[in-house]
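Visitor: As given, the protein sequences belong to chains U and B, one line each in that order.
1 is the number of the first residue of the first sequence in this note's numbering; add one for each residue after it.
1 is the number of the first residue of the second sequence in this note's numbering; add one for each residue after it.
Bear in mind the hints are in silico, worked out from the structure with no lab data behind them.
You may find that some hints are simply not true.
Counterexamples of contact, computed for chain B against chain U with all Cβ distances above 10 Å [unchecked claim]: (1) Asp97; (2) Asp129; (3) Gln210; (4) Gly219; (5) Asp233.
Restraint ranges, calculated between C-beta atoms of paired labels, are given here [as the list claims (entries may be wrong)]: (6) Phe48(U) / Lys235(B): 44 to 54 Å; (7) Thr168(B) / Phe177(U): 42 to 52 Å; (8) Phe180(U) / Lys127(B): 25 to 35 Å.
Not the full set, but computed from the structure, chain B residues with beta-carbon under 8 Å of chain U [said to hold, decoys possible]: (9) Gly22; (10) Ala26; (11) Gly29; (12) Gly30; (13) Tyr36; (14) Gln41; (15) Thr61; (16) Val69; (17) Pro110; (18) Pro113; (19) Ser114; (20) Val187; (21) His188.
Glycine residues also receive a C-beta, built at the ideal position from the N, C-alpha and C atoms.
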Amino acid sequence: MKQFWSNNRFLILRRFTQISILFLYFGANAWGWWVLRGNLSSSVIVDFALVSDPYAVLQMLAAGATISLDLFIGAATITVFYFLIGGRAFCSWVCPINMVTDAANFLRRKFDFNRMQGPKMPISRNIRYWVLGLSLVVSAVMGIAAFEFVSPISMIHRGLVFGLGFGWASAVIIFLFDLFVLKDGWCGHICPLGGFYSLIGRFSIIRVFHKEENCTLCMKCKIVCPEHQVLYMIGKESLSVNDGECTNCARCIDVCDDDALGFSLRELAEKK
Amino acid sequence: MLKGKKEPISDRRKFIFDMARGVGVATLGGFVWSAYLNDAQAQKLLLRPPGAIKEEDFLKTCIKCGLCVEACPFDTLVLAKPGVHKPLGTPYFTPRDIPCYMCPDIPCVPVCPSGALDLESVLTDNKLDINKADMGIAIVDEDSCIAFWGIQCDACYRACPLLGEAITIDYQKNERTGKHAFLKPVVHSDPCTGCGMCERACVTEKAAIQIFPREIVQGKAGNHYIKGWDKDDDKRVKDAKAIKTTTEISKESALDSLNDSGDLY
Numbered sequence: 001m002k003q004f005w006s007n008n009r010f011l012i013l014r015r016f017t018q019i020s021i022l023f024l025y026f027g028a029n030a031w032g033w034w035v036l037r038g039n040l041s042s043s044v045i046v047d048f049a050l051v052s053d054p055y056a057v058l059q060m061l062a063a064g065a066t067i068s069l070d071l072f073i074g075a076a077t078i079t080v081f082y083f084l085i086g087g088r089a090f091c092s093w094v095c096p097i098n099m100v101t102d103a104a105n106f107l108r109r110k111f112d113f114n115r116m117q118g119p120k121m122p123i124s125r126n127i128r129y130w131v132l133g134l135s136l137v138v139s140a141v142m143g144i145a146a147f148e149f150v151s152p153i154s155m156i157h158r159g160l161v162f163g164l165g166f167g168w169a170s171a172v173i174i175f176l177f178d179l180f181v182l183k184d185g186w187c188g189h190i191c192p193l194g195g196f197y198s199l200i201g202r203f204s205i206i207r208v209f210h211k212e213e214n215c216t217l218c219m220k221c222k223i224v225c226p227e228h229q230v231l232y233m234i235g236k237e238s239l240s241v242n243d244g245e246c247t248n249c250a251r252c253i254d255v256c257d258d259d260a261l262g263f264s265l266r267e268l269a270e271k272k
Numbered sequence: 001m002l003k004g005k006k007e008p009i010s011d012r013r014k015f016i017f018d019m020a021r022g023v024g025v026a027t028l029g030g031f032v033w034s035a036y037l038n039d040a041q042a043q044k045l046l047l048r049p050p051g052a053i054k055e056e057d058f059l060k061t062c063i064k065c066g067l068c069v070e071a072c073p074f075d076t077l078v079l080a081k082p083g084v085h086k087p088l089g090t091p092y093f094t095p096r097d098i099p100c101y102m103c104p105d106i107p108c109v110p111v112c113p114s115g116a117l118d119l120e121s122v123l124t125d126n127k128l129d130i131n132k133a134d135m136g137i138a139i140v141d142e143d144s145c146i147a148f149w150g151i152q153c154d155a156c157y158r159a160c161p162l163l164g165e166a167i168t169i170d171y172q173k174n175e176r177t178g179k180h181a182f183l184k185p186v187v188h189s190d191p192c193t194g195c196g197m198c199e200r201a202c203v204t205e206k207a208a209i210q211i212f213p214r215e216i217v218q219g220k221a222g223n224h225y226i227k228g229w230d231k232d233d234d235k236r237v238k239d240a241k242a243i244k245t246t247t248e249i250s251k252e253s254a255l256d257s258l259n260d261s262g263d264l265y
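Please work from the sequences and hints to get the whole structure.
Guide: Dropping the structure here:
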């Protein structure tokens, strides 16, 4: 039991935050709760602070909309939070699509799809930055926030809070894509919101830290990591994972049986 | 070089290929994406919450957070779901299902963080005034409205929150029976807010009075028409500047104009 907890504690915590955030939003719409109103595009926390999706605001800016002061402050709040503290934590601790892609990734490992699929697809993980740039260009040309109109994240999240319609199909598309077409396809290659938070979260304080002297080179961490390229130092050097693409999901910490991985604040880690 | 043996691909060629592929795929994606967006915002026949800014700006400005939807006590407002063929995630209402009940405190507008719902537009002397809302305009289909048939019905007139202003009843003699009256509903476009309570109340199978966005159904006479009998409108003449155009008068005698056209006979 203790072993189970230490091997899954961050996974359980993440599912807990993801589901409770969804539930709080749902309760606000369904039963008038006041903890978290709105949705991930923009919300009011405890009837006081307005926070907004900075990437959505950026697209609106590109589209030529007048940004209200409220939205600007809300987007700045979120940006500062992930920039200083959270890193790319949105992707693994808040985003509802994370559960879909984690499920696909899990099944892939369980059924060993990764070995069956043969040579890897020649698809770069940098596509997301292209999509990010493209979304701003398309927003500017079309005069509307381009990704917000196609975003499966918004569709699913908004759908679960306000009524789903055909929104469930977008989750199915991502699940099947990740399962059969490309490993970590959506979150690790395409999603421009993930790309956006990768860029913003590069300098945040909370980091995963690797202690090389404890490492037994079992490589379980690299197998579960959805952005395995960020763990290049495993077994080589004691370093903190400073790459912005690390989502701070802490699955690597969970699966490590040798205490070679743990959370640490960037500064402390660098002093050691 | 021997036949069949290929030159190794140089780094430079590979670099050029990668760049070309990047730009090519981005262009492809950009066009597909734009085409979808163009289609996605094509739906013009939808009714926005009170205080909504111009549709074109609304699509840019609305962040789709749903705070207006949560604020609406009657569940009038909904966010467009995938599959309803409306701009995704934006708020709208369907008056035949639930109309806007014109809350005097307009809860949906002040909560809007983005300015897509403009508080200024529903203020009179710094006080909230729902009657300033402009969600659309009611249109009567005279063919299916039973009041126009001569059957007595004033459901829409009674349902109108601006009874006697936005909808009035026009009494006319029914020549067919000779002893009855038509009670025809007439919508006045200025006071009508497009709340849709008339559409909700309409007794016909499909509503004979329906709300449409104003810019869709209203025409425009043009600035050069001035209502001389309307004092306010007539003021525009005072400030109007005459535009003088000079056409040169022909120097030939007017009498010759008929004689000159030799082709007549």
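Visitor: Take a look at whether the Cβ-Cβ distance between Phe48(U) and Lys235(B) falls inside 44 to 54 Å.
Guide: Distance hint for Phe48(U), Lys235(B) holds at roughly 49 Å.
Visitor: So, Gly22(B) near chain U? Judge it on the closest CB pair being under 8 Å.
Guide: holds (7 Å)
Visitor: Taking the minimum C-beta separation from Asp97(B) to chain U, is that value above 10 Å?
Guide: Nearest chain U Cβ is 13 Å from Asp97(B), so the label holds.
Visitor: Could you check if His188(B) really has its C-beta closer than 8 Å to a C-beta on chain U?
Guide: Not OK, violated: His188(B) not within 8 Å of chain U, min 33 Å.
Visitor: Under 8 Å is the threshold here; is the Cβ of Gly30(B) close enough to any Cβ of chain U for the hint to stand?
Guide: Given a least distance of 6 Å, the restraint on Gly30(B) holds.
Visitor: Measuring from the C-beta of Thr61(B) to each C-beta in chain U, is the shortest one below 8 Å?
Guide: holds (5 Å)
Visitor: Quick check on Ser114(B) please, does its C-beta sit within 8 Å of some C-beta on chain U?
Guide: holds (5 Å)
Visitor: Would you say Asp129(B) is clear of chain U, with no C-beta pair closer than or equal to 10 Å?
Guide: The claim stands: Asp129(B) keeps its Cβ more than 10 Å from every Cβ of chain U (closest is about 22 Å).
Visitor: Given Ala26(B) as an interface hint, is its Cβ closer than 8 Å to any Cβ of chain U?
Guide: holds (5 Å)
Visitor: Taking the beta carbons of Thr168(B) and Phe177(U), is their distance inside 42 to 52 Å?
Guide: With Cβ atoms ~59 Å apart, the hint is violated.
Visitor: Hint validation: Tyr36(B) versus chain U, beta carbon distance must be below 8 Å. Holds or violated?
Guide: Interface hint status for Tyr36(B): holds (7 Å vs cutoff 8 Å).
Visitor: Hey, does Gly219(B) actually stay past 10 Å from chain U on C-beta?
Guide: Per Cβ check, Gly219(B) is outside 10 Å of chain U; nearest 26 Å; holds.
In this structure, the earlier hints numbered 7, 8, 17, 20 and 21 are contradicted, and the remaining ones agree with it.
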